[in-house]
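Novice: If you read the protein sequences in the order shown, they are chains A and B. The first sequence begins at 1 in our numbering and counts up one residue at a time. The second sequence begins at 1001 in our numbering and counts up one residue at a time.
Keep in mind that the hints were calculated from the coordinates and are not lab data. Worth double-checking, as some hints may not be accurate.
Claimed, not checked - Partner residues aside, some chain A positions facing chain B, computed with beta carbon under 10 Å:
no., residue
1, Arg136
2, Glu138
3, Thr168
4, Asp170
5, Ser175
6, Leu176
7, Asp182
8, Leu183
9, Gln189
10, Pro197
11, Lys200
Fair warning: this is a prediction, and the values are worked out from it, not measured in the lab. For each residue, glycine too, the CB sits at the ideal point set by N, CA and C.
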Amino acid sequence: MKRNYGFAYAAPQALWLTVFFAAPILIIIVYSFLKKGLYGGVEPQFSLEAYSALANPTLLTVAFRTLWVSAAATFLTILIALPCGYSIARAKNQALRLFLVIVPFWTNFLVRIYAWIAILGNEGFLNHALRFLGFRAEGYQFLYNQGAVILVLVYMYLPYAILPLFSTIDKFDFSLLEAARDLGASRMQSYLRVMLPNIKPGIFTAVLFTFIPIFGAYAVPLLIGGKDSYMLGNVIADQVTKTRNWPLASSISMTVTLITAILVFLFALRKPKEQKLVRDQEALSPSASGGAA
Amino acid sequence: MKGSDVAVSNVSKSFGSFAALKEVSVSINKGEFYSLLGPSGCGKTTLLRLIAGFEDPDQGQITIDGADVLGLPPDKRHCNTVFQSYALFPHLSVFENVAFPLRIRKVPSRLIKELVFKHLELVQLEAHADKKPSQLSGGQKQRVAIARALINEPSVLLLDEPLSALDAKLRQHMLMELDAIHDKVGITFIYVTHDQQEALSVSDRIAVMNAGKVLQIGSPQQIYENPASEFVARFIGEANLFTGVVTRREGSLNLVDTDGFGPLLVDDETEVAVGDRIVATIRPEKIRISTDRLGGPSINVLHGIVHEPVYSGFQTKYIIRADSGALLTVFRQHANWSEGIPDIEWKDEVYLSFSARDMVIVERNS
Chain A
1 MKRNYGFAYA APQALWLTVF FAAPILIIIV YSFLKKGLYG GVEPQFSLEA YSALANPTLL
61 TVAFRTLWVS AAATFLTILI ALPCGYSIAR AKNQALRLFL VIVPFWTNFL VRIYAWIAIL
121 GNEGFLNHAL RFLGFRAEGY QFLYNQGAVI LVLVYMYLPY AILPLFSTID KFDFSLLEAA
181 RDLGASRMQS YLRVMLPNIK PGIFTAVLFT FIPIFGAYAV PLLIGGKDSY MLGNVIADQV
241 TKTRNWPLAS SISMTVTLIT AILVFLFALR KPKEQKLVRD QEALSPSASG GAA
Chain B
1001 MKGSDVAVSN VSKSFGSFAA LKEVSVSINK GEFYSLLGPS GCGKTTLLRL IAGFEDPDQG
1061 QITIDGADVL GLPPDKRHCN TVFQSYALFP HLSVFENVAF PLRIRKVPSR LIKELVFKHL
1121 ELVQLEAHAD KKPSQLSGGQ KQRVAIARAL INEPSVLLLD EPLSALDAKL RQHMLMELDA
1181 IHDKVGITFI YVTHDQQEAL SVSDRIAVMN AGKVLQIGSP QQIYENPASE FVARFIGEAN
1241 LFTGVVTRRE GSLNLVDTDG FGPLLVDDET EVAVGDRIVA TIRPEKIRIS TDRLGGPSIN
1301 VLHGIVHEPV YSGFQTKYII RADSGALLTV FRQHANWSEG IPDIEWKDEV YLSFSARDMV
1361 IVERNS
């Protein structure tokens, strides 16, 4: 006789996720539709106030800035992680190099942010070094701007991009690059036309692993950024702790979650569609090229 | 004649402390089907990669049609490669794989379509143009790789063990197709293989390689009938080897006192002197096996018993234990209706007779 143990096996995870994932999200959803309490908390009364408050221009500015900073940081991270993952995949001492990528995780996140402050600060290592080399004595303002935030975000999330990129590049058949070169492609063409399409899944994963946490970043813009680099994570924290508008904090959180979910969804959908597109282009190509010429 | 001639002179290549090629020289004629044959690790693939431009030699020169190609990257050399693993682009359809070189060259789409289908027809794959490589069988992938390598109309096609991943039947078939394609396109083929049967059946010339050196260059007949060394004799087909000392020499006829088989006559033009220690060989199919003793002038006769008959359909391979205790291999083609040769079975007493002229001296130490 065959028994179905599936439910029994799934129960612990189901319970765990319900208590620690679904329940808090549900609380946030519910709070976002309630009236704001006078000294924080909520009044048990339905209201759409928190959502209508989203249209606030300051908030929209922060939202667009968050999108821009996340996109820029993700782009830079992938740009650096690609050659890095490539070189690890091609190296003989893979294990050692992967180990070195992971080493920063041993140090606490906040401690590493303070380390960056020590490097970039007005009396930091970098300014000392520049002064020593004869640059201006009063030093440069590296910290507390958007550039510094992007720099530190890239540093923080680089390992999350390197690891998935390494694992797909490691599986990539490098003889394909030789074949491309043999068939007339330049080095760059062989990377762009043969390697890139074949490591796309790894790039998708790396983008998700970096974009999502950066989109919700809090500590880095708080400690490294200035007034011009406030991100949604900071606004949410302020609404909870300072302004004490919990429904607004909840509605912003929901919006961030929703935007992220939609982006992930679009990413996941992109792949099969694109292949179809190539074929359609194929069918149309003679006339298309005629027009271009 | 289409195609280019390729000249490799004095080329050496090392990987770390391993010397893959040691002062190798080969010169390949326009339109030739030229095989590089040798066991794995002999340097044949390295030589091919040097010609293709994937590696640079440590020393020596490589010219195509007289022009030095060293320093030119693979995309600037007028030769294309069929890889052992096919190296088809998994993200592209069969059509796009074959079209890849044309797209790189920005050939107009209409022309691409025409050229790709022309080449897919050459390898009989027109019907599979829309498939992805993962949907193809091994033989089909091989054909795509060939079509893709030919579409740039290279003057030299480099083939790196192209059939090694196919099963035996398909391999035979593809080999004949390759030969037909070679006849049709008429360009130079340089074919790397470890399979002597493949090399013998299609090559115009073969270079036998071992341990980074070219041991012998010649037509399949020359390589098989007149191996230049013991290694070549052993590597190509099967060979019975005799070592011994020359005791008499009259013209080209030598009397050799062999180790284990007594005095044997060896008729070979090779310059040897009385007292030289030589290795001579005879091919198994050149030995007549019979239950009666049959001899003649300059015919060697040995006596022994059948140690092991190995039946393989069209022929039987007999391993014979000679009176001295040493083993010899003999092939006997199975008779047709007109020949009444009695069966020879296990433990039968037999006579082996072979002509001194069929013996070849492969090594000589004075």
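Novice: Each hint should be assessed against the structure and marked as holding or not.
Specialist: Evaluation of the provided hints:
| no. | hint | verdict |
| --- | --- | --- |
| 1 | Arg136 | violated, 46 Å |
| 2 | Glu138 | violated, 51 Å |
| 3 | Thr168 | violated, 13 Å |
| 4 | Asp170 | violated, 16 Å |
| 5 | Ser175 | holds, 5 Å |
| 6 | Leu176 | holds, 5 Å |
| 7 | Asp182 | holds, 5 Å |
| 8 | Leu183 | holds, 4 Å |
| 9 | Gln189 | holds, 6 Å |
| 10 | Pro197 | holds, 4 Å |
| 11 | Lys200 | holds, 8 Å |
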